[in-house]
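> Listed below, chain by chain, are the residues.
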Amino acid sequence: MKHMSFKTFKGGIHPGHFKRATEGKPTVPARPPATVVIPLAQHIGAPCEPLVAVGDEVKMGQKIGDSKGFVSAPVHSSVSGKVIQIGMCNHVLGRPVQAVYIESDGQDTWHEDIKPNPNYEELSDGELKKIIREAGIVGMGGATFPTHVKLSPPPDKKIEFVIVNAAECEPYLTSDHRAMLESPDDIVIGLKLVMKAVNAPKGYIGIEDNKPDAVEAMKKAAAGEANIEVHALHTKYPQGAEKQLINVFTGREVPSGGLPMDVSCVVQNVGTCIAVSEAVRLGRPLIERIVTITGSGINEPKNMRVRVGTMISEVIEQCGGFKENIRKMILGGPMMGLAQPSADLPVIKGTSGILCLTDAEVKIHEIKPCIKCAKCSDVCPVSIMPLFIGGAVEHGLYEKAEAFNAMDCIECGCCTYVCPAKRPLVQWIRMAKGDIAAKRRK
Amino acid sequence: MEVKLVVSSSPHLRTPESIQSVMSDVLLALFPAAIAGVIFFGYQALLTMVLCMLAAMVTEAVILRDKNILGDGSAAVTGLLLAMVLPPAPPWWLPVIGGVVAITIGKQVFGGIGNNIFNPALVARAILMVSWAAHMTGWLSPLDLTTAATPLPLAAKGVQTGFVSLFFGTVPGSIGETSAFALLLGAAWLFYKGHIDWRIPGGYLGTVFIMGVFLAGSGSLTAMVSAGLFHVLAGGVMLGALFMATDMVTSPVTARGKLIFGVGCGLITMLVRLYGIYPEGVTFAILLMNAVTPLIDSATLPRKFGEVTK
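Those protein sequences? They're chains E and H, same order as listed. For what it's worth, my numbering labels the leading residue of the first sequence as 30, then goes sequentially. For what it's worth, my numbering labels the leading residue of the second sequence as 541, then goes sequentially.
No wet-lab data here; the hints were simulated from the structure. Ideal Cβ positions, reconstructed from N, Cα and C, are used throughout, including at glycine.
The following residues of chain H were derived to be distant from chain E, with all beta-carbon distances above 12 Å:
1) Val578
2) Arg605
3) Thr686
4) Tyr818
Partial list, derived from the structure: chain E residues whose beta carbon lies under 10 Å from chain H:
5) Pro200
6) Glu282
7) Gly286
8) Gly287
9) Phe351
10) Arg356
11) Gly361
12) Gly362
Starting from the given sequences, assemble the full structure and let the hints guide the process.
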């Protein structure tokens, strides 16, 4: 196995890891909830229409929502029981979405169509993509892009490399780490199935070197695969950003405004690979995932296997509840996660972590003038100039922000992390991106 | 459960650094040279430093209507830097006027911290130099405090100064400029903290050295290299390259820009030293390069990741 000398990507930061609270504990299954709230929009793309009505009996894994749009993914019931309501629920992105409320009968009866497929290795690429779509699989790193769409590039874009994103570069999060220790074979099978679906000759698995046990486990699991290489990557945030991951493995840069397929690559999260394996081998749709519940604001930090649709408040309760001085609840990691006004919303396919921060860790900073220290530009992984973009947005100069490449920002947060003047750079850049995108749509 | 949760934009982690902590780091980095200045030039140097810093801090507090004269620490840094480039025993009103001028004309008229184009301490020094030339050239020998000439004009007359004295600072000069050793010690702290990188000091000192070798030295290779080394250690170049030119607000933000800036400073410094009427060119070199910094920045913007070349 040829060993590449691993360069790291340009820029990036070294925040603390904060993973010790959960990385050494085995993942535990959550107690199945009495009611689940399954949002019909858990992915990028067209929201689903409900396929069930109030009063319908549903089985676990039954498709309860679908869409005619190409960029979409169906949703399934994560329990067996009865549909009690079709209404609105809170969503991590802030706007309420339509959802199917199902009361569980406590039986967890799988739908009869869900059967293992012993001959899964004979499936064609087209058949694999159909299964992946029907299983409702979306990117589980958090972006929730429908996987079957990602695996259907136009015919002129040949895929050379499938890269498994096992970096898990966000502080606090350990769900992918645990998945690698607990289901390494599923990850390799999932990778191989994805490679088959896009006819890619080579697969890579990239793991940050702060997880040496995971590197070991994955190297062992992939040992027999001639065209799969496992590599330990220099731990630096955001090594798991897909453009940076591609750059480190292939030396290529995804072109500005382009996609990984433009440099013949496809990147998939560890959790997505496992979901692919379970869908293809066992016929199971995506109805549960590992969530890291952590932070000094939760009483019992741990990784849990949680059913999609479980209310976050329920998950919090199963982890001993919030501490007295809880001040912020973030869905995702501390660098790119979304702070929530309440725990009154369901776990969805992209919920990688629930991070609970206390008073001492939550500071509202006063914004000071830019002192041109350029630390933001030094750490920017895409070499744009956050200080200039931020300065433009501060004065409402959105065209200037666009000229300074605001649209290329990957919103990793490195710039904002290092700024001594505590300027909300990513927030400003996001405002500019929104304005620029809206103008372009006109 | 009725809990009040804060909702704010990502990222939710920040470095503990602040403008204040950066300024504290700079003050700490200036300490060795400041202490050296007091050891060499006595209580009057200390008084000059205190007067500069107080004048600067009070001026800023008054303009900003801040009850706390410590502020964000930037006025204290400006005050100390100004004192470091003053002669050791000026009349008390000189550092006071200098401090006031540095903060008002050098900084606040531009809009306060982050907005000034020129290094405030050097603006004050330039104004003091043209207004009170005699007071600004009252050089003293370290420790015995007798009137003496500084190494640069001495060299122009053919009188050499030993490298050991130049390195440790036992030569006449402004309060903080003489000891390369003390300055390098302090600068190491700034390098370690990531507040400065090699480009500006490297470009500046490298250019001074090369120009010294080829334009100020003659004869043997040893003589030429000595000339280069002399120009690096003598005068205010070490202080200028490590602490003045590297001032964040007034120097370029781009990597290539910093190098160009450093080289430009070195070039102008040496042109003034070798062909101009002033013995030292650091003040004007840095101020002139400050003026073209915005231009340098726009000309050296980095290639973004995934830049599609048309």
